[in-house]
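S.K.: Protein chains in written order, with my numbering: chain A, 5 to 139; chain B, 5 to 139; chain C, 5 to 139; chain D, 5 to 139.
In case anyone wonders, no lab produced these hints; they're calculated from the structure. Check before you lean on any hint, since a few could be wrong.
Note: identical chains are not told apart, hence a pair may lie in one copy or across any two.
Below 27 Å or equal to it, Euclidean Cα-Cα: the simulated BS3-like pairs (lysine-lysine) are [claimed, not checked]:
(1) K50 with K122
(2) K67 with K125
(3) K136 with K67
(4) K50 with K118
(5) K122 with K67
(6) K95 with K67
(7) K93 with K67
(8) K118 with K81
(9) K122 with K103
(10) K81 with K136
(11) K103 with K125
(12) K118 with K67
There are 4 protein chains.
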Amino acid sequence: MYSQLTTYRVCYADTDQMQYMYYGNYARLYEIGRVEAMRALGFSYKAFEEQGILMPVLDLQAKYLQPARYDELLQIKTTVLEPPTVRIKFKYEVFNEQKVLLNEGFTTLVFVNKLTNKPCKAPADFLSALQKHFV
Amino acid sequence: MYSQLTTYRVCYADTDQMQYMYYGNYARLYEIGRVEAMRALGFSYKAFEEQGILMPVLDLQAKYLQPARYDELLQIKTTVLEPPTVRIKFKYEVFNEQKVLLNEGFTTLVFVNKLTNKPCKAPADFLSALQKHFV
Amino acid sequence: MYSQLTTYRVCYADTDQMQYMYYGNYARLYEIGRVEAMRALGFSYKAFEEQGILMPVLDLQAKYLQPARYDELLQIKTTVLEPPTVRIKFKYEVFNEQKVLLNEGFTTLVFVNKLTNKPCKAPADFLSALQKHFV
Amino acid sequence: MYSQLTTYRVCYADTDQMQYMYYGNYARLYEIGRVEAMRALGFSYKAFEEQGILMPVLDLQAKYLQPARYDELLQIKTTVLEPPTVRIKFKYEVFNEQKVLLNEGFTTLVFVNKLTNKPCKAPADFLSALQKHFV
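The following block holds chain A by itself, in its conformation from the complex (with noise of 0.2 Å):
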């Protein structure tokens, strides 16, 4: 199991008339937490694309618990539950600053030859990074 911790402040933007963090925007959390927990193990999304990987989304699960509200300061847990195969699945735990679990939310993403347009294997060395944590 590999897990990593990032922050990310609730901007006005991000807020609706219920005053409440809007729930389409839980997406972009994930995104966040999804990306920066393979920047922390020294991959990029980026640098993916560049190579001819996309990451498509398959699906998406969402549970809205308790509403993030405007400029909490929210700690997203970003979890690979298992080593990736030609799909990977990431799960999220969205904080307040009082440790209050907000949030919780799951993805499915599947890696993408960019030519042939077809499902291809996570890259050899993402795969063997994330294999470590799962001994």
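Keeping the supplied structure of chain A fixed, place chains B, C and D upon it in accordance with the hints.
M.R.: Positioned in the frame of chain A, the structure of chains B, C and D alone reads:
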């Protein structure tokens, strides 16, 4: 069962550099879908809020089958699968102009009394209007 | 002078906790306004891109006179004030249902040849269609 | 003159299919810039709202000099050019990692008393903290 169709034109703001509609923007489509489904039935979410009923989202699921592309005139089919209680579940199907299903989603929303901040039953007239579709 | 009207329904995603449409979201309205103004004239920005013409934005100005509110059906009036050269300037006026002017904006866009990444003249047929409105 | 620097990582949600940060998303950066500039001075916009002071945006200007790209760690330089009255004007300069100026913007905000919905003076302690930078 109650279903309603509405259209949505993908704008540049919705796209990402993969030339897909960004995965987080479907939540906006779902919102538009359910609000227009309510409006077609004679109800406005805005009026609900003015009457002291909020409808925050409890959970969200989305499956990304095919990408939506810039300038496509999408069709959002919103369905209420069963009569609401204190909760209401919506299903969304997003089609392109060729009637290909691009995306499928679900959300559960809860009726909340704004004053007490507690869950409450769906407004009686809204429930009654919906129930006509479940005989 | 060429003007065109299009409508836009303010959704929950657009609102912020001040119960206004977030000031950054008007750029999306302006985009919709100019794309629909082009479409009404028989041209699609999507087709321009497919023909190798990009139109990035060079500058933006916006005046926020009155807030736009949730669920309002806004009217966006888009105007081309003078025939384009390598640049095109759009004016936007956003009205609520009572025809009150809420917002006024301007953008300048430049025609760019996608292959050379250099500014280029507006497509001849587009220019010609616009010029009919400036006699 | 009071200036403050903050950073912003361009995420996928910010990009559009031109592979630029969408022109409408700079307003979010400006918001983050000014809120962090206030925080660095010891003030929080959130606290202003709790004390009954709102700060809606009156106008916005933006110049797009060079595109911001995915995953760039931008630097936002926010400047208050003169002491506020009932209004405050911010200047924003957005630089990439090579210190190239990508974007320049201005916003004017007005201090509004939430109860009366009328313009009011800037809070005295905020004004006093800023004035130290204008001697």
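S.K.: None of the hints should be skipped; say for each whether it holds.
M.R.: To see whether the hints hold, each was checked on the structure:
1. In this assembly of identical chains, the alpha carbons of K50 and K122 lie at most 27 Å apart whether taken from the same copy (19 Å) or from different copies (26 Å).
2. For the homomeric pair K67 and K125, the shortest alpha-carbon distance between copies (21 Å) is at most 27 Å, but the shortest distance inside one copy (29 Å) is not.
3. When the C-alpha separation of K136 and K67 is checked against a cutoff of 27 Å, the pair qualifies neither within a copy, at 30 Å, nor between copies, at 30 Å.
4. For a Cα distance limit of 27 Å, the shortest separation of K50 from K118 qualifies both inside one copy, at 13 Å, and across copies, at 22 Å.
5. Taking the shortest Cα distances, K122 and K67 sit within 27 Å of each other only across copies (18 Å), while inside one copy they are farther apart (31 Å).
6. Taking the shortest alpha-carbon separations for K95 and K67, both the intra-copy value of 12 Å and the inter-copy value of 16 Å come in at or below 27 Å.
7. For the homomeric pair K93 and K67, the shortest alpha-carbon distances inside one copy (16 Å) and between copies (14 Å) are both at most 27 Å.
8. In this homomeric assembly, K118 and K81 never come within 27 Å of each other (Cα to Cα): the closest approach is 29 Å inside a single copy and 31 Å across copies.
9. Taking identical chains as interchangeable, the C-alpha atoms of K122 and K103 lie at most 27 Å apart only when they sit on different chains, with a minimum of 23 Å there against 41 Å within one chain.
10. Taking identical chains as interchangeable, the C-alpha atoms of K81 and K136 lie at most 27 Å apart only when both belong to the same chain, with a minimum of 19 Å there against 41 Å between chains.
11. Taking the shortest alpha-carbon separations for K103 and K125, neither the intra-copy value of 36 Å nor the inter-copy value of 31 Å comes in at or below 27 Å.
12. In this assembly of identical chains, the alpha carbons of K118 and K67 lie at most 27 Å apart only when taken from different copies (21 Å versus 32 Å within one copy).
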